[in-house]
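K.L.:
Listed below, chain by chain, are the residues.
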Amino acid sequence: MVILRWMGLAGALMLPLGAVHADNVFITVASTTSTEQSGLFAHLLPSFEKVSGVQVRVVALGTGQALDLARRGDADVVFVHAKSAEEKFLAEGHGVKRYPVMYNDFVLVGPKVDPAHIAGGKDIVAAFQKIRATQAPFVSRGDRSGTHIAELDLWQSAGIDIGAEKGVWYRDTGQGMGPALNTASSMNAYILTDRGTWLAFRNRGDLAILVQGDRRLFNQYGVMLVNPATHPAVKKEMGQRFIDWLVSSEGQKAIASYRVNGEQAFFPDAEQPGV
Amino acid sequence: MVTAGDPRLVQIVALSLRVSLSAAFIASAIGLPLGALIAVTPFRGRRAVIVILNALMGLPPVVVGLLVYLLLSRAGPLGAFGILFTPAAMVVAQVILIAPIVTALARQIVADGWEEYREQLQSLGATRARLVATLLWDLRHSLFTVLLAGFGRAAAEVGAVMIVGGNIDGVTRVMTTAIALETSKGDLPLALALGLILIVIVLALNAGAYAVKETAQRRYG
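Protein chains in written order, with my numbering: chain A, 1 to 275; chain B, 1 to 221.
Fair warning: there could be bad hints in the mix.
Said to hold, decoys possible - Computed Cβ-Cβ distance ranges for the label pairs, DEER-style:
#	chain 1	residue 1	chain 2	residue 2	range
1	B	P77	A	E237	24 to 32 Å
2	A	T230	B	L70	29 to 37 Å
3	B	V10	A	K88	39 to 47 Å
4	A	K88	B	P77	21 to 29 Å
5	A	G262	B	T145	48 to 56 Å
6	B	N206	A	E237	44 to 52 Å
As the list claims (entries may be wrong) - Here are a few chain B residues that sit away from chain A, every Cβ distance over 12 Å (derived from the structure):
#	residue
7	N54
8	L56
9	R130
10	R218
Simulated from the structure, these hints should not be mistaken for lab results. Just so it is clear, CB atoms sit at the ideal spot from N, CA and C, and this is done for glycine as well.
When you get a sec, could you build the whole thing from the sequences and use the hints?
P.N.:
Below, the structure is given as structure tokens:
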């Protein structure tokens, strides 16, 4: 009897799980930790869900992982920030079309004592060279995210082959932006981060923004529908509807109105994209 | 978010309980009879099976998550069901994670009981199925602890549910993935507060279960 009662309880617990699956008016968006952890999606999605009735389920990963997820057909839309990786994704036939949506920028943060003496500079490449020269601790995402790709590009611009020259001062964490910032905060290390995540980040310790405003720190976001021809399970109408809304004047206004601690975190540019 | 009755927090806690209790019940439905059967049936290679079962108790959640992800991915063999990034996928991962624990612990308990009652039960000439059922019933109070151990492991893990659930706000976010997210945001006090809530819930559940067990033991012996 007791066992039968338990079975009944187990059954009752299981039912709602099925119900979640049956509700099919949703899309899955593979996106980046920067958009999720900065709070942008929590700000945007209710507006879209209200006008469309479509629930948006965001899986937040690094750009590389988000694109891989979509390559397996596990997302309907990708919303990421690494143009070269996005174009590769399109060329492979996994995406339909890339729509530029918005930009923010990267900032170089580091300890206020600033052992590499880079504070206040505007030249990000010169700052990277000084960090290399002084071998001051630097934390890298190391996870093929858009931020990691941008960091690698900057080392290259600085004429440094980071793969060959990295030593104990270069900490490859293989983690998301937040965990990497936590690491940098506890080690008093330099780190490249997107401004949105930095603005929302609480555990700053002694870190502060040291270099910002360089044109090379520009960070463009693009959105793509996963190709239904390659991945038949893609919900193309609902996915496209979300993309159309993001680049519409309504969606662009919603992006522009988002503030983190009073600062604008993302700048819509679907009309005149920088990249 | 940590204030009592916050609807978001209630939703996250409820989902954690739903997923992990479902996993614990399913794993028990498989593992208790299976463990008992292994305990009372002599067969070639039983020692190897026992060693493997014991080793599987240490399965890393991340590995289980990755395997289940590859199975349930659209490109995987079970992709057509479309249950990736749903609570159902999280239950599947947790069942795989804790079924070996439940099976191995149940086998040990039933094996000990079998030693004790062997002559008695054999003299009754019971079939193997009958034997398993009798032993499970007689040892139910000890086996209840096994179920709790399975639930505890399921509720505490983060690696598997993060991968197969995706930590989607309002859909697959549970206590542990919420804690991981708040840690990512650098909001360590909130992460810690959520962690305390998780501990209190697991503690309350265990205390309740213990009380039920004690009462039942006193009433039915």
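K.L.:
What are the numbers of the hints the structure violates, in ascending order?
P.N.:
Hint 2 alone not satisfied by this model.
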